[in-house]
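These protein sequences, in sequence, are chains A and B.
Numbering-wise (the UniProt record's numbering), the first sequence opens with residue 1 and increments by one.
Numbering-wise (the UniProt record's numbering), the second sequence opens with residue 1 and increments by one.
Hints should not be assumed to be uniformly reliable.
Distance condition first, Cα-Cα at most 30 Å in a straight line; then the derived DSS-like pairs of lysine-lysine [to be verified]:
1) K537(A) <-> K251(B)
2) K537(A) <-> K241(B)
3) K410(A) <-> K623(A)
4) K725(A) <-> K251(B)
5) K611(A) <-> K648(A)
Simulated from the structure, these hints should not be mistaken for lab results.
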Amino acid sequence: MASTNGHVARSRTIEVPLQHEQVLEVVCEDLPGNPVELTDIFQQEGVGLLYYRLLAFEYYRQSKYDESIKVLRAGLNAANGASQAQPRQKLPLLILLATLSIQLAKMSVDATQKQTYMTEAVQLINDADRINNQYEPTFIIKGILYLQRGDLNEAFRSFTMTLEKLPSCVPALIGKGRIQYTRKQYRQALKTYQSALSYSTGNEYNVEIRLGIGLCYHQLGMNAEAKAAFKRCLQLNPSKSNPISLILLAIMELNESKDRELGIVHQETSLKQGLQHMQMAHAANKKDPVVLNMLANHFFLTKDFAKSVKCATRSYNISRQNQVKAEAAYQVARAQHQMQQFDDAFKHYSEALQLNPDHILSQFGIGQIYLKKGEIDKSIQYFDKVYATEPRCIEALKVLGSLYALAGKKEKAMECLVKVLSEIKDDAMLLIEVAQLSEQGDEKRTLKAYEQAVELYKRQATENGDESHIMPEVLNNIAAMYHMRGDLDDAEHHYGLAVKECERQMSQADTDDSTKQRLAGFELTISYNLGRLCEDKGDLDKAVEIYKNIINGNPGYADAHLRLGAIEQNKGHVTDAIEHYKDVFDSNANNADAWTMIGQAQMSMNEKICKRSFEKVLKDCDKNDLYTHVALGNYHSNTARELKGDDKRAARAEAYKLATGFFSQTLKRDPYNVYAANGIAITLAERGHINEAKEIFNQVRESAVNNPSIWINLAHVHVELGQFKQAAVMYENASKKYFDNKDTNVLLCIAKMHFMVGKADKNAEEMLLALSYSEQAYEADPSDKTILYDIALVHQTYAQLISDLPKDQRTTEQMRKAITGLEASKSGFQTLLDVSPEEHVHYDRKIVEQRQRHGESLRTQIERKLADQVQFEEERKQRTEESRKKREEEHRRRDEEIQERREQEELDRKRMEDERQRIMEKVRQENLLLASQEVGESDEEEKQKKKKRKKDLDDGIINDDEEMEDADAEAPRRPRKRKEKDPSEKKEPKRPKRRKSEDLDADKPKRRVRTKQIIESEDEEDEALSPPTNPTEVEASHQSRIRDDDDDEDGEE
Amino acid sequence: MPTTYIPTIVKDDAHREGIWCVAWAPSSDLVLTGSLDNTVKCWNGTTGDEKHILEGHETGIISVDTNKQGTLAVSTSIDSNIRVWDLENDGKLLHSINAPPGQAWTAKCSPDGAFVASGSHSGNLNIYKIEDGSQASSLSTKNQFIMSTAYSSDGKYLACGADNGTIYVFDVEANHLIHTLQGHALAVRTLSFARDNRTLISGSDDKRIHIFDVQHGKVAAALTGHNGWVLSVASNPDTSKQQIASSSSDKKIKIWDMGLHQAIETHEVHTDQVWGIAWNVEGTKLVSASDDKSVKWFASSGSS
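Given these sequences and hints, build the entire structure.
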């Protein structure tokens, strides 16, 4: 936007007066390429400076800046050489030259060259100032210079100074307007431009002013006015179409085309016009960077990426403004991004950001590229920036949410996505993402999100009139969620849907091969899941069939082999199971899962080689495998436990150390590993650090409430601490809750607890409980002979207990039970002794023999005591009988008394009732009499009333109701009188009667019940009290015990 | 057409402890249950009323069976004690056979009521004469603990199942082993011959029920569906129905169609493992016994 000094050459020729009245006609359209031809003539002819200026200006108009400069320099030379020339005449030449320098500086790309032009301009202005520092054009050009330097204040000052002197100086007004515009003082700018317009005469300025006006209008949101202004620019200069106004118009129109509020028709016309104007702009100036950027954008939108890059690159090369350049770089990057030239795109995005750090779209792009490269953290950084500057950009928030999810920051991800969800309700993909995010933690939310997504798909489908097609992945995930929750039917339904959807997509003609492959793989997953479902439903045959099908098609599908193995292992075919596991190695010799399963299977067969399998996992497959660490820890822990006795103390300690090592390694990798913590606690407990172990178990229990082994271990710890009752409760709960009461070990633990408590408290009932639990264990696993030993031992101990109890605390029944128990115990021990000597047994045959002998002697003891007991009980029975009789007698007596009293009461009542009825009757008659008499005899009435009351009192009956009625009678009499005539009069005698009878009815049975209860409870008390407990006696009777406890406990274990 | 069996009579707390076995005596229409509380109880098969308590065992009752007519009952307890009861005489104790320790586990009565067969820890199948309690014979297997036995209803075959899953079938008359059936790998806790005397049904800790063709010694089918040990199987005496009833530690009772090899109904009425299941002789009713101390009856929708 050049501004020049005042004059505008309208003629297309310049007539230069030469010497001797000659005139040189210079045709503007046909200026010589080298101006020296003309300036030489000018010089020789001593032409006035004005003509140099005109010529230079003409060159300038034609953008031949160098030539123009040459002409001006020649003019200045001529002026310097000619003595008659006044210095002031040089001013216009100097100013024009300065303008040109500034123009060139503006256009030059090279910074040093730019600098040279600028210094030149400064020099020229200084020259001009030396000649005359009040020359207005100098102020203007100074203003422009400052403007070019970016020194708005100085520029503003220069323009204002100019305007003080020449208020109608259009260039100064334009400069001022521009500064105001840049300062975002749009209203003031508009005013300035408008006054410029009123002063302006030529079209040249008109365009520039109107552009300014249009921009101001645009900034002020007056789009219609802005467009009118731009269009006016075009009208003003139809031949030389103005690229800037065209492009501004295009931008505005294209923006309008994006504005949905305007309606589709308006949008389309805007788009069409915008594109037209854009093309016109391009036609007008093929080198305008803004136009080129617009064009690049257009090509991008029409997916002509190569052209887009070309335009943008050109714009980038031409443009000298950072913002425009950044936009160009962005356009290049975006097109390359779309063409998947990620490295180039990245380079250009970065460039754009270097040129303009606030270029949001480039930040977005670069974030996407980082995402593509897998540098999630960096990507997050960029999207964070985008979101920070544009908090309303849901798109960025969505991406950010996904990125956080990828980076594993689930909470942040959820936070973002939930925010997005609150904005957009109908984004099924988003719902699915939310569902996936919450899959690990929040089952309910997951299912809800999935269900919403499915619902949404369905709705969209019905709106569009299609069948709903939900991604099979989603269906599978939903099914899996149901599956894990235990809703097996729902799971099956959804797996079925997923398979159907897979097949539908496969059968579609337009499905390409890679998609088909993906779908096939996916179908495999679903059918594997279905296999798991069949297993969970107990339909093992179908599960096996499914797994075999999978393997037929895909022999390398490791999980199917593993499941086949697991099914066999559950059936007890451990070797077959291992074969299945080994099948995995055909496709992957280092499959950690397969080795782990093999190790586990070997462990279940009690084979020591399991250690090798586990170690193989750590060595060759995955040295961080948590499961294997725990398994090895357990292995060493078990080994340690088997190393009993003092001579193996060192080996035992070593094994525990190894076990602890593995558990610690696990915890190092996963500090929340319940199994490892449990393992460590076990080793602690085994080595006697009971309290520490308890601490850990308690902690673990809190984090893994449903882990049965923790409960069992805690119970074990309570045992070690001697808290048998608590332990028993814990064992029983665990047995019921987790083992359906059929885990023999747990049952035996419970039995042992009751045994210990029974022994400690001399409690025969506890001992019987121990027996019951041992027998349950034996029923569950009759092949375990040690249980037989336990049962026999419990029988014997029960007998011992009964034998040791004082007479008054045992019964002959119990003693007989003890004897039959001893029988059973004897046969049990015999079974154990009969086991062939070759067979390895978990009990000491010698101890069994001792036990059996002890049982025999115990039996003779008890049989001897039995006679005493019978006698004792006989006596006691007599005693009880006597006291019972006595009691009965007493009760009978008491009953009689009660009966008598009751009869008496009845009589009293009857008498009272009769009396009462008599009185009532009398009152009624009196009332009737009163009613028939006149009101005047009220005194009489009063007397009678009083009398009646007295009588009532004499009878000793105090009836609230009646008193109330009497109180009423004291009150105004008239209404009462009327009342007495009413049927209510009948109420009077009736009411007390009913009450009385009610009381009687209620009282009678009640009292009877009560007495009965008393009698009963007394009976009970008597029974409970006799025989009376005597603690000292209990103590004394146990001195004869000659039993070693250690022995018993060993047997129980 | 599968028949639907509807829960009818419920006897909660039928015993003081868990109930481990049940049998239905044909002619006397008595249901017998044996429990950890050391007693065998006899119930009216139609009304569910308690008739007799058979006392005498000193440890938990692990099996109870009757002869074909239902005149005799045989029960065994953990301590290898076998007791024979006279059901026609209010359950009078006829004999108490004290098998050598460890020589008796679950026992079955031969259809003619002359013998009792019981497995042992040592792997022998011991046969005792009911008449005098003496041991008639001992059939030996491979030293694995024998957990279950079954007579065919014609008395020709005697089968027994070991704790390693092997099933042995003996020819009773010839007194020798005719088949060793493989298929299960975990303990076989229950066996039942179908009325055709050729089909043997087994239930195992591997959660499966196998149907064997005894003549050919082959597995005809494996039924899966239980989610715990199969504790009891019983084939429906009504051969036209082709049904098996099973009970499991998964607390469920299932009715299977032998032809379709499919479960046709499942009952979840017990709150603890169901140790025993038995049919009435017409095959119209079922009775189950569980560790939850209850005995429960089921009747087909067509029967009274």
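Now for the hints, and whether the structure bears them out:
| no. | hint | verdict |
| --- | --- | --- |
| 1 | K537(A) <-> K251(B) | 15 Å, holds |
| 2 | K537(A) <-> K241(B) | 26 Å, holds |
| 3 | K410(A) <-> K623(A) | 27 Å, holds |
| 4 | K725(A) <-> K251(B) | 29 Å, holds |
| 5 | K611(A) <-> K648(A) | 20 Å, holds |
Hint compliance for this structure: no hint is broken.
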